[in-house]
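Chains as they are written, first to last, in the working numbering: chain A, 1 to 405; chain B, 1 to 306.
Pair by pair, the computed Cβ-Cβ distance ranges are: (1) B:I22 / A:H118: 42 to 48 Å; (2) A:H118 / B:P129: 29 to 35 Å; (3) A:E18 / B:P129: 31 to 37 Å; (4) A:H118 / B:A43: 31 to 37 Å; (5) A:G151 / B:W116: 41 to 47 Å; (6) A:L196 / B:A264: 49 to 55 Å; (7) B:G179 / A:D31: 29 to 35 Å; (8) B:G278 / A:D35: 47 to 53 Å; (9) A:H118 / B:I152: 44 to 50 Å; (10) B:M134 / A:K95: 33 to 39 Å; (11) B:T148 / A:H118: 45 to 51 Å; (12) B:A264 / A:G200: 50 to 56 Å.
Derived by calculation from the structure, the hints in this document are not laboratory data. The structure displayed is predicted, hence computed values, not measured ones. Note that the Cβ used here is the ideal one computed from N, Cα and C, for glycine as well.
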Amino acid sequence: MSAIRASHVYKIFGRRSEAGVKQLKSGATRDELRDQGLTAAVIDASFEVNPGEIFVVMGLSGSGKSTLIRTVNGLLPITDGEMYIHDQPLSGLSKLDLRRVRRENVSMVFQHFALLPHRTVGENAAYGLQIKGINRADREAKANEALEMVGLGGWGGYSPSELSGGMQQRVGLARALAAGTDIMLMDEAFSALDPLIRRGMQDQLIELQQKLEKTVLFITHDLNEAMRLGDRIAMMRDGRIEQIGTAEQILNDPASNYVARFVADVDRTRVLTAGSIAEPPYAVTGAESGPQVAHKLLREHQPSWLLVVSRDRKPVGIVWEDDVAEAVRKGSSELPYSATHEMPVVEADTPINELFERSAQHRSPLVVVDERGRVVGVIPRVTLLTAATPSNGVPDEDEDEEEEA
Amino acid sequence: MLDNFPPRIPIGSWIADLIAWINVNLDFLLDFIKDTGSWVNDAVVAVLLFPHPLIAIVIFALVAWLVRSWRLALGVLISFILIMSMNMWVQSMQTLALVVIAALTAIIIALPLGIWAARNDTVSAFVKPILDFMQTMPAMVYLIPAITFFSIGAVPALFSTIIFSLPPAVRLTELGIRGVDEETVEAGQSFGATNWEILRGVQLPLAIPSIMAGINQVIMLALSMAVIAGMVGADGLGKEVTHALSTINVARGAEAGLSLVFLAIFLDRFTAALGAPGDHKSSLLAKWRAAREAKLRDAQAQGVTA
Numbered sequence: 001m002s003a004i005r006a007s008h009v010y011k012i013f014g015r016r017s018e019a020g021v022k023q024l025k026s027g028a029t030r031d032e033l034r035d036q037g038l039t040a041a042v043i044d045a046s047f048e049v050n051p052g053e054i055f056v057v058m059g060l061s062g063s064g065k066s067t068l069i070r071t072v073n074g075l076l077p078i079t080d081g082e083m084y085i086h087d088q089p090l091s092g093l094s095k096l097d098l099r100r101v102r103r104e105n106v107s108m109v110f111q112h113f114a115l116l117p118h119r120t121v122g123e124n125a126a127y128g129l130q131i132k133g134i135n136r137a138d139r140e141a142k143a144n145e146a147l148e149m150v151g152l153g154g155w156g157g158y159s160p161s162e163l164s165g166g167m168q169q170r171v172g173l174a175r176a177l178a179a180g181t182d183i184m185l186m187d188e189a190f191s192a193l194d195p196l197i198r199r200g201m202q203d204q205l206i207e208l209q210q211k212l213e214k215t216v217l218f219i220t221h222d223l224n225e226a227m228r229l230g231d232r233i234a235m236m237r238d239g240r241i242e243q244i245g246t247a248e249q250i251l252n253d254p255a256s257n258y259v260a261r262f263v264a265d266v267d268r269t270r271v272l273t274a275g276s277i278a279e280p281p282y283a284v285t286g287a288e289s290g291p292q293v294a295h296k297l298l299r300e301h302q303p304s305w306l307l308v309v310s311r312d313r314k315p316v317g318i319v320w321e322d323d324v325a326e327a328v329r330k331g332s333s334e335l336p337y338s339a340t341h342e343m344p345v346v347e348a349d350t351p352i353n354e355l356f357e358r359s360a361q362h363r364s365p366l367v368v369v370d371e372r373g374r375v376v377g378v379i380p381r382v383t384l385l386t387a388a389t390p391s392n393g394v395p396d397e398d399e400d401e402e403e404e405a
Numbered sequence: 001m002l003d004n005f006p007p008r009i010p011i012g013s014w015i016a017d018l019i020a021w022i023n024v025n026l027d028f029l030l031d032f033i034k035d036t037g038s039w040v041n042d043a044v045v046a047v048l049l050f051p052h053p054l055i056a057i058v059i060f061a062l063v064a065w066l067v068r069s070w071r072l073a074l075g076v077l078i079s080f081i082l083i084m085s086m087n088m089w090v091q092s093m094q095t096l097a098l099v100v101i102a103a104l105t106a107i108i109i110a111l112p113l114g115i116w117a118a119r120n121d122t123v124s125a126f127v128k129p130i131l132d133f134m135q136t137m138p139a140m141v142y143l144i145p146a147i148t149f150f151s152i153g154a155v156p157a158l159f160s161t162i163i164f165s166l167p168p169a170v171r172l173t174e175l176g177i178r179g180v181d182e183e184t185v186e187a188g189q190s191f192g193a194t195n196w197e198i199l200r201g202v203q204l205p206l207a208i209p210s211i212m213a214g215i216n217q218v219i220m221l222a223l224s225m226a227v228i229a230g231m232v233g234a235d236g237l238g239k240e241v242t243h244a245l246s247t248i249n250v251a252r253g254a255e256a257g258l259s260l261v262f263l264a265i266f267l268d269r270f271t272a273a274l275g276a277p278g279d280h281k282s283s284l285l286a287k288w289r290a291a292r293e294a295k296l297r298d299a300q301a302q303g304v305t306a
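Between the sequences and the hints, there should be enough to build the whole structure, so can you do that?
Next comes the structure, spelled out in structure tokens:
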């Protein structure tokens with residue numbers, strides 16, 4: 001079961017829009033439709049958002065992402081295809097039923113906050129509940145709860161105009177949370193905030209999402225934001241979805257030149273995780289093996305070190321070529337674990353920008369483990385440096401979000 | 001050949017025929033309007049003239065303080081006493097009654113019309129030229145059918161004043177509602193509000209400054225029309241001005257004109273303050289509101305710490 005499912009959704013503005021869909025299906029381009037006065041905002045969009053997922057739709061201005069998000073709660077009726085909320089199609093719904101879906105299932109956060117200036121912060125947060133017809137005492141209690149959740153406890157009596165932009169958007173967030181819907185649509189929700197505040201809001205959203213397990217459909221034009229927030233990302237261009245995948249999939253395996261050029265500028269070290277760049281260890285021996293076994297492996301594969309793992313695949317230590325040779329010469333039966341260098345162990349979901357320091361401190365490669373402590377792989381320093389550089393050799397530059405705009 | 005071009009098109013007599021037809025066939029309706037109009041007018045005049053002028057002036061001053069400032073209250077006190085001393089009090093109250101009734105009626109018609117025009121492009125396109133017509137037609141022209149319908153007195157004056165002062169309220173209501181931030185309206189929709197809930201809870205409150213500017217315009221236009229209304233025999237300052245004009249009485253004309261100016265300033269400042277209550281921090285209403293908000297905030301803050 002999916003929370004949101006779009007199946008071949010078309011949204012065309014202008015008269016005789018159905019004819020436009022037919023033309024698009026038989027191969028007409030967006031520009032050809034524009035000549036007839038039709039604007040094809042969304043073309044053949046299909047995607048599925050799982051419950052409890054943050055799904056980001058990323059695209060530049062004019063890519064149709066804002067139109068797409070408005071078809072999800074029926075603010076804009078779609079021209080062709082079907083949109084499902086909890087597997088229930090929106091197209092057959094009466095106005096009344098559509099309003100019920102909006103009240104019970106889908107709430108929304110807006111780019112410019114869209115608060116009601118003539119109401120207090122508390123009344124704004126309670127707006128969705130008021131529409132639902134909840135009595136005053138209950139909705140005030142729930143609104144205050146939501147305000148506390150976003151860190152605005154005690155601000156309920158103020159007017160929105162007395163709050164900073166970041167705080168106003170937290171009221172917008174509280175309004176959506178208080179409504180108690182399981183799906184939240186966020187339309188460029190953090191784009192109007194300055195970068196420092198934006199970072200804080202992103203962290204807060206991730207935190208809230210983990211706690212409340214809401215399904216979030218997030219629209220942004222900022223690729224770094226998309227990569228930070230999104231469990232999965234849909235890349236949109238000229239009304240079409242070019243690729244859907246995790247941040248790593250999009251970064252490492254772009255589906256088109258457009259996506260590739262787009263991700264060239266992204267700060268890969270924040271997106272890629274240790275697990276995604278780890279290599280299988282050169283050679284592994286059981287913890288019980290002696291120096292003879294290690295020596296044989298070293299001669300066969302010619303690495304300068306070996307990772308030693310236990311039977312349940314937990315890392316035990318690293319032995320170096322020279323020490324093993326020495327041990328064999330002395331006839332020792334113990335593996336000569338490096339005494340001067342402790343083994344650096346990192347979790348698989350650590351972003352690689354947090355690995356550089358540890359990698360620099362240790363001579364040995366980083367050992368990557370999963371959440372149960374079992375070895376996933378190793379990251380030699382060379383691998384780490386390669387991963388931080390885009391594959392096509394374009395050097396990392398400052399973020400340039402509107403490059404294509 | 002061209003001597004006969006264009007032929008004489010008797011538009012004027014067509015309209016005259018139409019007016020005559022209405023006069024004959026809708027007689028019952030006109031009579032009803034006339035009776036109601038003069039009854040309401042008499043009632044309002046009676047209310048305004050009921051208290052002693054000095055008491056009435058103090059009440060006006062207090063109202064001015066309530067919505068705007070003690071400065072306006074002081075101004076009202078001085079200027080209205082001046083009206084009294086010029087022996088123009090009764091006429092001023094008669095004019096005020098005319099303006100208030102005409103403005104209220106105009107607003108009652110204009111608000112729904114403006115809302116409708118804001119929500120429907122066809123209505124808007126249809127209403128606009130009619131409003132242009134109503135506003136540009138010389139005001140005195142309205143007096144002619146008004147007299148044929150209602151003979152002389154307060155009712156024809158009310159009739160022509162309402163027509164003349166109506167347009168800005170329709171226009172500014174439509175403008176105000178159309179000007180409400182689209183995202184905010186979408187927010188209402190996205191939380192499942194009905195059209196009525198959005199109109200009442202989002203669009204109208206946010207359009208209030210614009211609507212109040214329209215109402216302010218209505219009142220100013222009604223006041224300027226009130227003088228012309230003196231020509232059709234409506235009691236008030238207009239009648240004084242008309243009389244002074246026909247007898248070339250400079251002194252009386254100046255006093256009537258001055259009284260009208262004092263009345264106009266009071267009405268303008270008063271309605272402007274109603275439209276932008278936030279701008280007048282020293283008004284009694286603003287002080288009362290601030291005190292209530294502070295109390296609410298204290299309660300909220302205590303609720304959090306408790």
